[in-house]
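Colleague: So the sequence lines, in the order shown, correspond to chains A and B. Here the first sequence is numbered in this note's numbering, starting from 1 and rising by one per residue. Here the second sequence is numbered in this note's numbering, starting from 1 and rising by one per residue.
Calculated from the structure, these hints are not laboratory results. These numbers come from a predicted model, not from an experiment. All C-beta atoms in this analysis are idealised placements derived from N, C-alpha and C, irrespective of residue type, glycine included. Be aware that a few hints might be false.
As the list claims (entries may be wrong) - Just the calculated beta-carbon pair ranges, DEER-fashion:
| id | chain 1 | residue 1 | chain 2 | residue 2 | range |
| --- | --- | --- | --- | --- | --- |
| 1 | B | Leu23 | A | Ala79 | 46 to 54 Å |
| 2 | A | Leu89 | B | Ile19 | 26 to 34 Å |
| 3 | A | Lys13 | B | Thr41 | 18 to 26 Å |
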Amino acid sequence: MQQYQNMITRQRKWMFFLLALLVLGAGFTPYPRIFLGLILGAVISFFNLWLLQSKVNKLGHAVAKQKSAHSIGTFTRLAAAVLAVLIALRFEDYFHLVSVIIGLMTAYLVIMIDFIYFRFRD
Amino acid sequence: MAAIAAAIAVGLGALGAGIGNGLIVGRTVEGIARQPELRGTLQTTMFIGVALVEALPIIAVVVAFIVM
Chain A
1 MQQYQNMITR
11 QRKWMFFLLA
21 LLVLGAGFTP
31 YPRIFLGLIL
41 GAVISFFNLW
51 LLQSKVNKLG
61 HAVAKQKSAH
71 SIGTFTRLAA
81 AVLAVLIALR
91 FEDYFHLVSV
101 IIGLMTAYLV
111 IMIDFIYFRF
121 RD
Chain B
1 MAAIAAAIAV
11 GLGALGAGIG
21 NGLIVGRTVE
31 GIARQPELRG
41 TLQTTMFIGV
51 ALVEALPIIA
61 VVVAFIVM
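If we strip away everything but chain B, and leave its shape as in the complex, we get (with noise of 0.2 Å):
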């Protein structure tokens, strides 16, 4: 059971992650290929996107590993 909970929990965490990343990196690059003189600024906020958004799927890891 707890092998179940722990992969539950990493699981739906990285696919959360994954999808969020994705949506970031891909309108990032987009916008960095459009204009690269705005690329400190859509790096910022790239950067602090994804840094949220992977907050939770780290949470996510470690909940897993104190439950194994």
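Only chain A is shown next, with the shape it has when bound in the complex (with noise of 0.2 Å):
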């Protein structure tokens, strides 16, 4: 169980960490429709993640306690994703599209890397 703690609190700092670049980047660049198109897809893909751990969490307690569990929630995830590219074509003067959708796939990176680095490590 320690493991898969550790684990969402190593991917809640990496994630944390590339939103504050992101805001850095929006803040200090002369490209602030970009990073502000990857700060609101990394936002949603940071919900994305955090939903899919507690979702995941909570199946693996129903199933050690011998419950029963609901859903994993994959079609609050496509709404979330579809909710960013909604605000991005609403709102184009201020949002990128195309790194919008860079920004949703934050998390599955930061996962990767966290999963490829961890496992060769051990």
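With the hints as a guide, bring the two chains together.
Modeller: And the structure:
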């Protein structure tokens, strides 16, 4: 159980670190539109990551206690991604669409790099 | 035409994700039910598997909305 909690903490730390970098980029570089898009995508991606972590934990808890679990929230995550794209399409002057999509994939990058790094280190 | 393209993209993406998620969650539930002490390890594997499986349908949904 400790392994899972450690992984969640590491991933959350990396996501906050990346978000802080993106905020700095939006504030201090001449490309605020691109960085605002990346921030929007990364925030929604962070929500997706948190939702997946909590749903997987709830499912594991329910199975270990021999109870029933409802879902793992796939539809919510898809709807959150659609919401990000709709916001980017509606406010096109503020958010760059391609960077929103790249931002949506931030959590997957974090998960993959974290997994590869810690698998080879252990 | 755009609506059909969007529907095909979302539909096929969701089909693949459904099959993949079903396999992953099914095996994990089996494993945890047999050995509850391995819950942490199995949950970690399931988390990474579900996350990687779901990356593609999310891209599919996004592409479908842009096409529409």
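Colleague: All the hints need checking, so say for each whether the structure fits it.
Modeller: Hint-by-hint comparison with the structure:
| no. | hint | verdict |
| --- | --- | --- |
| 1 | Leu23/B with Ala79/A: 46 to 54 Å | violated (23 Å) |
| 2 | Leu89/A with Ile19/B: 26 to 34 Å | holds (30 Å) |
| 3 | Lys13/A with Thr41/B: 18 to 26 Å | holds (21 Å) |
Hint 1 alone, counting from the list given before, is not met by this structure.
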